[in-house]
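Participant: One letter stands for each residue in the lines below.
Protein chains: 2
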Amino acid sequence: MPSYTAPTQDMQFVLHEVLKVSHDDTPGYADLDRDFTGAILEEAGKIASGVLAPLNASGDAEGCRLENGMVVTPSGFKEAFAELKAGGWTAIDGDPAYGGQGLPYLMSCATGEIFVSANMAFNMYQGLTHGAYSAIQAHGTEAQKAAYLAKLVGCDWTGTMNLTEPHCGTDLGLMRTKAEPQEDGSYRITGQKIFISAGDHDLAENVIHLVLAKAPGGGEGTKGISLFIVPKVLVNADGSLGARNAVSVGKIEEKMGIHGNATCVMNYDGATGWLLGDLHKGMRAMFTMMNEARLSVGLQGYAVAEAAYQHARAYARERLQGRAVTGPENPADPADPLIVHPDIRRNLMAQKAFVEGARMLTYWGAALVDRAQRGGDAASEGLISLLTPVIKGFLTDKGFESTVNAQQVFGGHGYIEEQGMSQFVRDARITMIYEGANGVQALDLVARKLAADGGKPIMGFFDMVKGFIKENEGHGELKAGFLDPLKAASKDLQAAGMFFMAEGMKNPNAALAGSYDFMSLFGHVCMGLMWSRAALAAHNALERGDGDADFYRAKLATGRYYMARELPATALRLARIQSGADPVMALSAEAF
Amino acid sequence: MPSYTAPTQDMQFVLHEVLKVSHDDTPGYADLDRDFTGAILEEAGKIASGVLAPLNASGDAEGCRLENGMVVTPSGFKEAFAELKAGGWTAIDGDPAYGGQGLPYLMSCATGEIFVSANMAFNMYQGLTHGAYSAIQAHGTEAQKAAYLAKLVGCDWTGTMNLTEPHCGTDLGLMRTKAEPQEDGSYRITGQKIFISAGDHDLAENVIHLVLAKAPGGGEGTKGISLFIVPKVLVNADGSLGARNAVSVGKIEEKMGIHGNATCVMNYDGATGWLLGDLHKGMRAMFTMMNEARLSVGLQGYAVAEAAYQHARAYARERLQGRAVTGPENPADPADPLIVHPDIRRNLMAQKAFVEGARMLTYWGAALVDRAQRGGDAASEGLISLLTPVIKGFLTDKGFESTVNAQQVFGGHGYIEEQGMSQFVRDARITMIYEGANGVQALDLVARKLAADGGKPIMGFFDMVKGFIKENEGHGELKAGFLDPLKAASKDLQAAGMFFMAEGMKNPNAALAGSYDFMSLFGHVCMGLMWSRAALAAHNALERGDGDADFYRAKLATGRYYMARELPATALRLARIQSGADPVMALSAEAF
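Protein chains in written order, with the working numbering: chain G, 1 to 592; chain V, 1 to 592.
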């Protein structure tokens, strides 16, 4: 059965040598010195390895069940959740005014990675609460903040997002759930919502549902949608819990994975709700949750891949099978370990280069969020808005692929549930789908984010890449292995952008037929930039001669792998994009 | 719940317009006229849609169970198996001397595709029997043939392959199962075998296990391995069933998918077995089964993808979500069907182009088998030996990817087991692993098959591609869309081969680090050749003006998609190969 160890050395490398967080002027970052973040990550690692990881496989096998209309989570989840709360882990970046620890969002992501790697399904209960907390903090009235934030900040109550209905997923304009205004200022919410993660459970005494619904007078489509706070148990004026609200669990879905998290059909039968934010502006308020959720899903993509990689690596070192083609490396035993075989290396290098690159990209994204929200920096706001669909789409596509690679290392044993590798694949699969399927991320990227703010964010990104290359061209060692491939990849991305500008005006299908490839191309360039920054940091550390030289040399070698073997994918993506709409759109719907 | 319709029009196109089977001088092919094959495929389609497909999801949900040491298959499997046998489907290419239908292997593949698409797990019971039949036919004594073939030919008894042991998968030299010679000429077989598909069940009264074991005097490693026939129930001299043999099911594995097929731990406790083929030459005899099995697994890869594609296509036509970017196409309803969206098209085109191309490649491979075995053609024997790892590895990698694409079309609904899309993904996943994990296929291709027979087969392949291009360069319409990209892709493949020749001599790791990419590159070139041949056939039919013009036009458009959007992957594969061993082999085992 898989175990997990938090990769704290690599996390510290990203925080302190790539991002140099304690030298960043974002409010709160000065406190993030190496000892402080190290202590946090080590402690998070302990609870992850000791408490959460042991419940991962059992949670998958046992799943959630509905008893008397209430969801019962798998054995041990309740106790583990209590322990997480007691340690303050569920409130790490919450506002101290409501009892949070007040740390930057970045630290919530770093610890979140650890918890997700150990047990993704379990961690979703607090992940969704984080989103609900943020939405109420951003859009709630003072009374709403007072009523909910202190409870949500540390998961005394948990939160959910209610968007999807049976006939409407991406296209929320088709929504049927209704909100009827009442005389006391509340609304009666009626309708059915599906795919509600953490929709109910036994980990907290209340669940605060944030529900999109149509209130009268808002017009057609998404314009008529508002966001409502609908508690499972009504809250009295004094903050105590009152009567049960008219919201119930219709059923728990049978899913491919994340069995430890209850995905519920929620029925609202005239439930009492309160408007959150402005009437008919619910989409905007919901996007506060969605953008954060999308970053977290990108994180899930590589965090599960990290866990899968750890097990594949251990198996490749232990399992004796065949001999190295260059002669026995383990002559005392009847066979060499799998890791001597070049194709196993290829597989492991792909996993390692992906998870380490993805970690840098995600932490960088989280730092941009902090810079935007804590530092009020508009350029960072624009950049993270641009990068969010890339982080969500690319890291989950590649994260899933990486878990499949990890499973493959086990051969037939990987297909047996007992080994735990199947679970990583099944769990990772949802990350490509929820919070906007990856095709929708690609659409968001190409149709909205590229042209946003007159193209400033994308231009800023290109300038940043160019600037980095120029600044470091003097490093002979970096040039051929890192900077030259990064330059070529960035050129491919620019060429794709130019193609969209030239062709998209005439035929929007030409841009949209290439949107998925563009997302992937962009993801590769981001990874190439991250690996180049990592190489610079490792190179500098080796020049200084301090620290763990083996670690830095491995970092450089892993980066070289990415630049030589993965980054050339940008040319393929560009070729696909430049083939335009015709190959994709030629058939009539009937001809499929 | 998914339904399935056999794509008989496309199958007929491949048989009669691409392969032109009835004009082929392979023995038995002259009988394969259009009406005859059409009738067979239609009938197979009926039983697939009416009997097998309805048991696919229920078989997955119910799985197999062990009762009093015997495997019980899911409800309905027994009756369906009886129906399949009664229709003669299980004996389609068996020798008429033993009661088979005597049709070419090609027709067994074509009907096999239909049955696998409808219910992969179910079809494995007869698939493995086919392998056991072939091994006994090729290597058995006359007495063994008389005793077993008439029973195996139509699945009155079924067969298994027993290779893997807990500590030995790919590396069969580590095998521990022992065979001790007895005075009566039989052997006592003792050991444990794992991952035995169809290891036991209630569909037939006997199971004939073909078991690899070490008999005394054979020496170390794979040299000491022999193959044995070990029936579940011993067979008396008169052919009647005797006592139970000392072989039992240890347990049924809990797997990611193919739940309808019992994957068993088999315990041999001094079981009685008989040598099949020569002593200590068991690997050779087993490879008779393995090569056939590998082709069948490649077939499974795309056959499951075909079924998944059919459902994704139907969902994309029905599900209303969003509006076409070029203006509403379904103004009467509140939204357009998914299929109007370019990124959904990209996804569906990728699936369609893959399954149709894979079908051509597999049928071509089957025709090569017939030409080699029925026609005694050595060149075909060499070519199919070269192509087998490509067909197995490439079609299962892409087949799995294709089922993931199909699942993605469903958004969140794809993740719910009820929709059936998860099952396709979970079932398809095993095809990349069993009968030699795909990394082992790549190794086989690069380390053995490329240099086999002085490189004659691969040179023959290149000549064939070149000849085809030269012969058809006059077709202006084919040149830019098909022949030019095929030429470029074929050049990439040749360049990769040259790189291996130049570098592999100095450093075998340089070739092996690129083996997986080479397999993929080769697969793409094969698909490019197939699509070019299909384009020629469709072009000719349109020129003649007979037949279903819409079908031919769709065929050309689908081919153009493949050539423009998928085939350029060869350049990426070549770049990865040419980066050599360093990026892959740089780290020490400890540095991962």
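Please note that a few of the clues may not be correct.
You can't tell identical chains apart in this list, so a pair holds if it fits in one copy or across any two.
Stated by the list, open to error - Below, in silico cross-link-like pairs of lysine to any residue (SDA-like), each with a Cα-Cα straight-line distance of 20 Å or less:
| # | residue 1 | residue 2 |
| --- | --- | --- |
| 1 | Lys-506 | Glu-329 |
| 2 | Lys-479 | Ala-586 |
| 3 | Lys-456 | Gly-221 |
| 4 | Lys-466 | Pro-181 |
| 5 | Lys-470 | Thr-170 |
Derived by calculation from the structure, the hints in this document are not laboratory data.
The model shown is predicted, which means the values in this text are computed figures rather than measured ones.
Participant: Determine for every hint whether it applies to the structure shown.
Facilitator: Against the structure, the hints:
1. Taking CA atoms no more than 20 Å apart as the test, Lys-506 paired with Glu-329 passes between copies only; the shortest distance there is 19 Å, against 61 Å inside one copy.
2. Proximity of Lys-479 and Ala-586 under a CA criterion of 20 Å is satisfied inter-copy only: 19 Å between copies versus 43 Å inside one chain copy.
3. When the C-alpha separation of Lys-456 and Gly-221 is checked against a cutoff of 20 Å, the pair qualifies neither within a copy, at 30 Å, nor between copies, at 65 Å.
4. Taking CA atoms no more than 20 Å apart as the test, Lys-466 paired with Pro-181 passes in neither setting, with 54 Å inside one copy and 74 Å between copies.
5. Taking CA atoms no more than 20 Å apart as the test, Lys-470 paired with Thr-170 passes in neither setting, with 42 Å inside one copy and 49 Å between copies.
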